[in-house]
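Here the protein sequences line up with chains A and B, keeping their order.
Residue numbers for the first sequence follow full-length UniProt numbering, so the first one is 1 and each next one is one higher.
Residue numbers for the second sequence follow full-length UniProt numbering, so the first one is 1 and each next one is one higher.
Hints were generated in silico from the structure; no laboratory data involved.
Each hint should be verified, as a subset may be incorrect.
[What the hints assert, rightly or not] Selected chain B positions facing chain A (Cβ under 10 Å, derived; list incomplete):
1. Val68
2. Lys70
3. Met91
4. Pro135
5. Leu136
[Unchecked claim] Below 30 Å or equal to it, Euclidean Cα-Cα: the simulated DSS-like pairs (lysine-lysine) are:
6. B:Lys178 <-> A:Lys151
7. B:Lys204 <-> A:Lys207
8. A:Lys179 <-> B:Lys70
9. B:Lys94 <-> B:Lys53
10. A:Lys131 <-> A:Lys116
11. B:Lys142 <-> A:Lys141
Only a predicted model underlies this, so the values are computations on that prediction, with no experimental measurement involved.
Positions of the beta carbon are idealized from the N, C-alpha and C atoms, including for glycine.
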Amino acid sequence: MGTKWSWRAILVFIWWCASTSTTQAIWLDLPPSGTKCVSEDIQNNVVVLADYSLINGQEDAHMPSGATISVRVTSPYGNNLHHKENMTHGQFAFTTSESGNYLACFWVDGHHQGTKGLTVSLDWRIGIAAKDWESVAKKEKIEGVEFELRKLEGAVEAIHENLIYLKNREADMREVSEKTNARVAWFSIMSIGVCIAVSILQLWYLKRFFHKKKLI
Amino acid sequence: MLRFPTILTAAVVFSFLITEAVGIRFVIDREECLSHNVEYEGDTVHVSFVVIKAESPWHFSQDGVDLVIKGPGGEQVHDVHDRTSERYEFMAQKKGLFQFCFTNKSPYHETIDFDVQVGHFAYYDQHAKDEHFKPLFDQIAKLEEALYNIQFEQHWLQAENDRQALVNEKMGRRAVHKALIESAALIGASVLQVYLLQRLFERKLGTSRV
């Protein structure tokens, strides 16, 4: 009796967690012509999940039914990761193999000629937010407090990794600053040296010139 | 031990404490509006933006943007002018679609890193009678919200670092360019001087010795 209820409880809990997945989306306004691009600086070996869909604006009583968008996702080195045309909604997922700026571009398809732009809802999850916790819960059969603490542990690890990454970036930046400092000093001395050398040359040349013209 | 009402309480508590966070970068031309849905009234909305770079050739003008936050009914919640970096939080008075509009006053394109996070307040199920577990869930919920806040701050810090890294690189290049141009200008000015003096004396000598 006790175990049956506890299994039901676990199922209810899992169902709750699954059904209350939040709308993390941000809404972009696409212009009628032109591309709208969204980018993010992502490190290597990170899972990216994204979900995009067209939104029927509230004030747009009759949205053109032929309205479709196209999407292209490119990696920092220009590789095309995902390219689809004539979509109203879709998703893409990939694991990053390079560290850098990933770009997702949306544009309205050509045959939909309207003066009003479209609104796209983009739900973009990177790294720890893209992790599928329900499958982890089912696979490892954890529930309740342990499950929540496991999620928090994942979040803390992500924070720690992010902090290490920030530390490395700061070290790089510090190197560039020191180099700039040294450069400013050396190049100023070089400038002064050039100025002095050139004026000495001038003097020497003019003296020779006046000697030649028998003025001195 | 895992009694049904306890799990139900946990489910209700944790289902409400789920935080949404979004971080994107985009290039702004003149004006750009983004919308985000706030699901529950009374949520705390944290918003931050950093101008990563401006495409101006010499980067000596102040590159700031304006941000106007409008609520679901179109009422203005907050606005800032000419900032390169800003963090703000407010409590959502109504639930619905909040609009964040950026305006770029400088003639150059700017890249903006924008982050918004909505933190729900945990609703506690009044029917839970088990006081033994409730403080534990409270603390876990608070911990979760604190961790999401840390992630939000880290995202902002990373964006600020990116901006400073770009500024530093530009400064390094600028120092070298300045020194080279200065040397070239000095050499050019002295060659011009010599040439003019030569011409002057040759003419004077030419006229006086005739």
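To see whether the hints hold, each was checked on the structure:
For the restraint placing B:Val68 at the interface with chain A, the shortest Cβ-Cβ distance is roughly 15 Å, beyond the 10 Å limit, so the hint is violated. Because the smallest distance between the Cβ of B:Lys70 and any Cβ of chain A comes to about 13 Å, over 10 Å, the interface hint for this residue is violated. With a cut of 10 Å, the hint placing B:Met91 at the interface with chain A is violated, because the nearest CB-to-CB distance is about 18 Å. Below 10 Å, beta-carbon pairs count as interface contacts, and B:Pro135 has none with chain A, the closest being about 12 Å; its hint is therefore violated.
Restraint check, B:Leu136 versus chain A: the minimum CB separation of about 7 Å is within 10 Å; hint holds. For the hint linking B:Lys178 to A:Lys151, the alpha-carbon distance of about 53 Å lies beyond 30 Å, and the restraint is violated. Among the hinted pairs, B:Lys204 with A:Lys207 is consistent with the structure: their alpha-carbon atoms are about 17 Å apart, no more than 30 Å. As the CA atoms of A:Lys179 and B:Lys70 are separated by approximately 45 Å, the hinted pair breaks the 30 Å bound.
For the proposed pair B:Lys94 and B:Lys53, the alpha carbon gap of about 34 Å is over 30 Å, so the pair is violated. Distance check on the hinted pair: A:Lys131 and A:Lys116 sit about 37 Å apart at the alpha-carbon level, beyond 30 Å; violated. For the suggested pair B:Lys142 and A:Lys141, the alpha carbons sit about 25 Å apart, so the restraint of at most 30 Å is met.
In the structure shown, a violation is registered for the earlier hints numbered 1, 2, 3, 4, 6, 8, 9, 10, in ascending order.
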